[in-house]
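Peer 1: The listed protein sequences correspond, in order, to chains A and B.
Under the working numbering, the first sequence has 336 at position 336, and the numbering climbs by one with no breaks.
Just add 1000 to wherever you are in the second sequence, counting from 1, and you've got the working numbering.
Incorrect hints may have been included.
What the hints assert, rightly or not - Just a sample of chain A residues kept apart from chain B, beta carbon distances all over 12 angstroms, derived:
{"#": "1", "residue": "K26"}
{"#": "2", "residue": "S28"}
{"#": "3", "residue": "G104"}
{"#": "4", "residue": "E141"}
{"#": "5", "residue": "S207"}
{"#": "6", "residue": "G258"}
{"#": "7", "residue": "R266"}
{"#": "8", "residue": "N311"}
{"#": "9", "residue": "T377"}
As the list claims (entries may be wrong) - Label-pair distances were calculated between CB atoms; the ranges are:
{"#": "10", "chain 1": "A", "residue 1": "D337", "chain 2": "B", "residue 2": "S1284", "range": "48 to 58 angstroms"}
{"#": "11", "chain 1": "A", "residue 1": "A133", "chain 2": "B", "residue 2": "D1350", "range": "30 to 40 angstroms"}
{"#": "12", "chain 1": "A", "residue 1": "G29", "chain 2": "B", "residue 2": "T1050", "range": "33 to 43 angstroms"}
{"#": "13", "chain 1": "A", "residue 1": "G286", "chain 2": "B", "residue 2": "S1284", "range": "50 to 60 angstroms"}
Claimed, not checked - Some chain A residues near chain B, calculated using beta-carbon distances under 10 angstroms:
{"#": "14", "residue": "G85"}
{"#": "15", "residue": "V120"}
{"#": "16", "residue": "S247"}
{"#": "17", "residue": "V299"}
{"#": "18", "residue": "T303"}
{"#": "19", "residue": "A308"}
{"#": "20", "residue": "W312"}
{"#": "21", "residue": "V331"}
{"#": "22", "residue": "E362"}
FYI, nobody ran anything at the bench for these hints, they're computed from the structure.
We put the CB at the ideal spot given by N, CA and C, even for glycine.
As a plain string of letters, each chain reads:
Number of protein chains: 2
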Amino acid sequence: MSLVELPGGVCATQGVTAAGVPAGLKPSGRADLALVDAGRPVAAAAVQTTNQVQGAPVAVTARHVANGRARAVLLNAGSANVCTGPDGVALAEESTAVVGEALGCDAADVLVCSTGLIGVPLPRERFLAGIPAVVTALSTEGGSRAAKAIMTTDTLVKQAAVRVEDTAGTCVVGGMAKGAGMLEPAMATMLAVVTTDAPVQGPVLRSCVRDVVAHTFGRISVDGCQSTSDAVVVLATGTAANTPSLSAFKEGLAAVCGRLAESMVRDGEGASKLIRLRVTGARSEGDAVGVARAIAGSVLVRTAFAGADPNWGRILAAAGAGPVAFDPGRVAVTFGDITVCRFGVVTAFDRGQAVAALSGREVRVAVDLGLGTAEATFLTCDLTHDYVTINAEYTT
Amino acid sequence: MSLVELPGGVCATQGVTAAGVPAGLKPSGRADLALVDAGRPVAAAAVQTTNQVQGAPVAVTARHVANGRARAVLLNAGSANVCTGPDGVALAEESTAVVGEALGCDAADVLVCSTGLIGVPLPRERFLAGIPAVVTALSTEGGSRAAKAIMTTDTLVKQAAVRVEDTAGTCVVGGMAKGAGMLEPAMATMLAVVTTDAPVQGPVLRSCVRDVVAHTFGRISVDGCQSTSDAVVVLATGTAANTPSLSAFKEGLAAVCGRLAESMVRDGEGASKLIRLRVTGARSEGDAVGVARAIAGSVLVRTAFAGADPNWGRILAAAGAGPVAFDPGRVAVTFGDITVCRFGVVTAFDRGQAVAALSGREVRVAVDLGLGTAEATFLTCDLTHDYVTINAEYTT
C-alpha cells in the first residue's frame, strides 16, 4: 500500500467544489462563510461533540446525516450558534434550506457547522445573504479558501489530502479543519470536513470514521476543554473506479485526519512546541490513552514544558491523579532520549541534556508503565503566556 | 453558639508548642523545618492524598496515625520526599524516631509531612541534623514561625484560630497550612495541621475531620492538579474543661479549615482574584460540587476571569463537558449581580457592568441549574501570566 500527498484539501476528491467568502460575520471582514459541495447527494457520516451543551448546528447536522447521505456542508466562523435558543435552531435549519434551494437539492442533504463565540446570536440577515455568494463562488480550486473561512484563533490554514494505492486500486481522501483552542476530548474540539471518492457508505463508513476519529482527533489536547460544536463530517462520493481495500482506505483516512489533528496541536493557542507523548507498557490501549490524557490535561505539566523544565515529578503526579491504575514503582519517564526516571525514582541524568531534549519546536516524551505491551501516542502542546493572553482577551 | 477569632495559629490550643527553623533544605536558607508538639500523645486523625503516587511521609503518617493517637507533627519544605524509593521511606521513618528520641516519646507517636519538589531526595544529614534544633526552639509563641517554615510558592503565612462557645462550654481550634499551586481535588493539595483542646477522639474525630475537609479543603481548586503529598492532620488534646456540643466543635473546625482553604486560593499561584463560585438549583449537593469542579477546572474559564471577560459560554461548555447531567435550557449564569444568561440563552445585559462585576480582588459567580434545591460553594482563582511564569520556572 502506498500513500502520496496531494494538494487541494477537500477538493482533491474529484467532483468536489468548495468556496470561502466574507459574509460580515467576523468584525475583521475576513472570509467567514464556507461551503463544500459534493455535486450530488453522496454517502456521508459525522462524529460530533458529546458535550451536554450542544450547538444548534450540531443538532441539525445530526438529523440531516442520520440517513447516511448528504451533498453539501455549510460552515461559518464568527458565532458558534450555541445557547441561542429556538431561534438558533430555526436559523440553522433555514440555512440548510437556503443552500438546498441554491444548489437544487433537499435541505435534508445539507449539513451545517458553526464555530466562534458561544451565546452570541448568528446575525440572520448577513448569514443567509452570504449563501448565494458562497454558492456562486464554488470551484474545484476553492479548497484553501474554504479552509481559511473557518479559522477563528487559528493562525495556520489546515488542509491535507492523500492518494491511497494498493494492488486492488486507488482512492483519494482530502480534508480541511479548524481548531486551536478548546481542543480536547471525546474527540478534539474542532470542525473538519473530509471528502473521498472511495465507495464506502452506511454503517461501514460510519464505523471507519468513528474509529479513525478516535485514533486521531481523539488523541490530541490543547487545553483539556471540550467544545460544544465539534464535528467531523466525511462525504464519500464513490466515484473511484478501481478502489483499494477497505483497510487501505482507512489508512488514507487516518493519514488525512492525523495530519489535520497534528496541525491543530502545532497551531494550539499560544503553543511554542508540539509534545509527542508516547505511553507504553500499558495493560490496554485504553489505559495508555487514559494515562496520556491525564498527563496532557495537567496545566502544571504543560507549563513545565513551556519552560523546558525536566520536572518529571509533575508527570507522575498527573498520571497518579488520573483514572488508570498503575504501579509508580515500575514507571520510567524519558525526555527525547534522556531517561530521567526509572522504577519510579530519579536516575542520574544530565540536566543540560534533559533541558535540551525539551527545547525546540517538537519534543518527545515517553512514559513506560512497565505493566504490559499496549501503547498509544497522544499529541499536546505547552501552556504559555500567549495562551493566557489569547484567552483572557478573546471576546473583549 | 459563637465563634471568636484568636491569634496564635496551632498554638492557640493550650499546651501546644511549635517551631520553625532553617535546616538548609531550601537553597534560600529560609526556615524550612517545622514541628508542632501537643506535649503528650493525644487523639489524632489525618486525611491524606488519594493520588496513586504518594510521598514516603504519606505512607509513614498513615501507619503512625492508624491507632488514632499522636503527639507531634514534623513538617519540611524543600523536598516532598516523593518518588525517592525505599531510601525515602526509611528516611521518613528515621525522622520520626529522631523526633521521638528528642521529645521522649515513641516514634509511632510522631507524624511527618513533606512538601516541595517531587523526585528530589531529601538531604538526609541536614534533615536529621535540623531536628534537635527545631525541638529546642519549641515554644507557645512558635505558631507563625512553624507556618512560615512550610511555605513553598506561598506568599502569605496561613494561620487561623477560633474559640467556639455554646451553652455547654467552650473549646479552641487552631491551625496552619501551606498551599498555593497543585491545588485541587479529593481534598485540596496542601499540608495543614490543626490543633484543638476539644475531647474528641477515635472514629468521631475521624468522621468530623473527613466531613469538614470535604466541605472546605475539598472545595477549592487553583489548577486542577492533585499533589502526592496532601495531608490534613488534627491533634485533639482534650484538655478543655467544659466543652461545647460536638456540632459546635465541628463548626469551629470548619471555620478554621475554611479560612485556611480560602487563604490558599487567595494566595493561588499567580492569582489576581478569588472566584467564589456558587452552584444552586442542583438535584444534590454532590451534583452542585461536580458542576462547580468542572467549571473551576477549565483553563478557558479561568483565563477569561483573568481578563474580566464575561464569556459565560465557556462556563456552560465546561459544565457540559463534566460528569453531572443537567438541562442547558434551564441554566442561569450571574456575575456579581448581573445575570448574563437565563434559560441557557443570553440576556440583554450591560457589558460594562458585567466586566465591572468580574473586576477586583474578589468575584462572585453564580450558576443556577434550575433542577432542584441543592447547592454548593466552591473557591477558585483566575489563571494569569504569573501562573505560567511561576510554573515554567519552578525547578530551573
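Peer 1: Output the numbers, in ascending order, of every earlier hint that fails for this structure.
Peer 2: 8, 12, 13, 16, 22
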